Each structure stands twice: as structure tokens, then as C-alpha cells.
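Colleague: As they're listed, the protein sequences go chains A and B.
Numbering-wise, our numbering puts 561 at position 30 of the first sequence, and it's gapless, one number per residue.
Numbering-wise, our numbering puts 605 at position 74 of the second sequence, and it's gapless, one number per residue.
FYI, nobody ran anything at the bench for these hints, they're computed from the structure.
From a predicted model like this one, the values you see are computed outputs, not experimental measurements.
A portion of the hints provided could be inaccurate.
One copy or two, either will do: identical chains are not told apart, so a pair holds if it fits within one copy or between any two.
[Unchecked claim] In silico DSS-like links for lysine-lysine, alpha-carbon gap of 25 Å or less:
hint, residue 1, residue 2
1, Lys683, Lys609
2, Lys609, Lys672
3, Lys604, Lys562
4, Lys634, Lys693
5, Lys675, Lys693
6, Lys579, Lys675
7, Lys683, Lys634
8, Lys570, Lys659
9, Lys604, Lys659
10, Lys570, Lys634
11, Lys609, Lys570
12, Lys634, Lys659
13, Lys634, Lys609
14, Lys604, Lys634
15, Lys604, Lys672
16, Lys562, Lys634
17, Lys579, Lys609
18, Lys683, Lys579
19, Lys604, Lys579
20, Lys672, Lys579
21, Lys683, Lys604
22, Lys659, Lys693
23, Lys634, Lys675
Spelled out from the first residue to the last, the chains are:
2 protein chains.
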Amino acid sequence: MKRATFLLIAVVAVAGVVALTANAKGNMDEKAAPVFGVKLPLGYRDWKLISVAHEEGNLNDLRAILGNEMAIKAYRDKALPFQDGTIIARLSWRYISSEENNKAFGRFQSFVAGPAINVQFMVKDSAKYAETGGWGFAQFKDGKPADEEVHKTCFACHHSAKAHDYLFTHYAP
Amino acid sequence: MKRATFLLIAVVAVAGVVALTANAKGNMDEKAAPVFGVKLPLGYRDWKLISVAHEEGNLNDLRAILGNEMAIKAYRDKALPFQDGTIIARLSWRYISSEENNKAFGRFQSFVAGPAINVQFMVKDSAKYAETGGWGFAQFKDGKPADEEVHKTCFACHHSAKAHDYLFTHYAP
């Protein structure tokens, strides 16, 4: 019985090490974005929805803003500032007209998400990112981070949303 | 030992009945939408994102299309037709201009989700809804279902998307 228990513990321990190694490897394979050193968060496409938006002009996109569990809880509880560990994801897609939907509606009115443009993240770590409101910023396209110039522009723009802990997005009911 | 096993089974059985009763009560509190008898699905605001869209004209909204786990899996696997138990949720909000965002961008270009308009659902049950492509339709506002007239229009419009199992929405990458 003692031996069986030992074996069980050994098996669980080995499985744990394998799982942790796989996880660490998964992160090491991803290249960190410059300036803030943020890596592409795992599983962000499964996160819950905060809100949606449309930007005209050069951006010309439809976007969804998702959050990890800490982000969603803080938004729903209206508990600002966000806590360390919060991550916000902004996914954007080309703003395209849907011929199929327009036919169904009988008029030109329907715009949908086309190909992906890029994904942006804000990661809260108040000590590490003390100089930028506690937030690290990152932009990726197809898993590859944008260059340093792009990452230097993030905080300058988000600074105007200081009253909402530097986030433009409000929770959609 | 035999008695202990019996007790364990009894406790599990009672717990199961209590859980089922609580669940049934939760559903009974919600009013079913007319025509298809669909009740407001619990927890749909937490579901994963399928895509986003913008409708102009009378609708004038921004919308997010979410799905339960079966819906998301089928979309990602490109496995049509959807299986019984699949539920799609379409949330829509007033399409409003964001003065705060426009200031940050330095131009008029930003549109965000305003107050909620309504929520629509498609529930797959190929036997129950055999006459409407296997789908039951429902529309709610603040938890209250829309009237019978509204629910009579759903399938007539969705019929044009027959090639995608009556769904207009494609998965946003």
C-alpha cells in the first residue's frame, strides 16, 4: 500500500513537471514585444467580451475588446484601478461590407469582420510598468510583435483616458 | 461497507435532485419567448466570441455574436450542420459616436457600443424545430421576450443563409 502511494505521487509529480515544461516552452517560443516585453497571452481568443467598436479612417476596422477573468470582474464591479495581472485584448478585423447579409436585408447596410488586422494587449503590472500608468502595451500580427516605433506610441495616446485607468473601452451591458 | 456505499449513493441522489430542482426553478422564473418557446439562456454574456458586426439603417447598431461551447467548437472545426444543443447569441447595442475617443485620435472616427438594444438567440434542436431548419429563435430585451409577430419573421430572413446552416455570421479569426 505504501509502495502504491509512493508510485502514485511519483506519477503525479512527473506529470506536473511535464506540464510545466510544456507551458514554459510554449511561452519561450513566442517572441516578446519590444519596449514592454509583453508576450502573446495564451488563450486570449477564448476570453469574455468587454465591448465592441468601429474605427473609421486609416484604421477602418471592427474590433472586439476581450478581458481575462480579472479584467472582466473589475469592469463588472466598476472597481478601478485594475489590479496587477489584468490583461485586456483588443482584436481588430478589416471592416468589410457583407453582400450576403445585404441581400437578406434588401438594402446596403451590413458590415462584418473581415481578415484579422492585429491584436493589441494591455497588461497591468504597477511596479514593472510604473512609468506608463502601470500598463505594458503590445501589438501582434499573426503572433509576431510590431516594432519598437509602434510600441512607443501606445501610452502617449492612452494617457488621455487616465480617468478610466488609461482604458478607452467601457463595458457593454 | 455495504451500508456506507448505500449512504453515499443516497447522498449523491439527494444532491442531484436538489441541483435539478434549482435548475428547473431558475428556468421557470424566465418567461419563454413565443412561437419557439425559447427561454433566456443562463450565462450567455460569458460565452466566447464568434464575430462582430455593424448594421446601418433602422437597426443602427454594433453587435457581437457569441456562442456556447458547442457553437464555438463547430465554428472552429468548420463542422456544419450544428449539433443539437448549440446556441448562438446575438447582442446588439446602439451605435454611438465616442467624443472621448475622437479627441484622442484627433478626428471624428470612433464608434462604440451604447445602451443595449436587445439580445437574440438561435437554439438548435433538429426534432423540435424541424420546420425551421432545426433552429428555434428568440428575442429578449431586459430579460423580456418580444411578441409573436417579431418571432414569425426570424426564419423567413435566416432562410437565405441555408448554405451555412441558416447562420449569417462567419467566425472572426
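Colleague: So, against the hints stated earlier in the document, which numbers end up violated here?
Modeller: 1, 3, 5, 10, 11, 12, 14, 16, 18, 21 and 23
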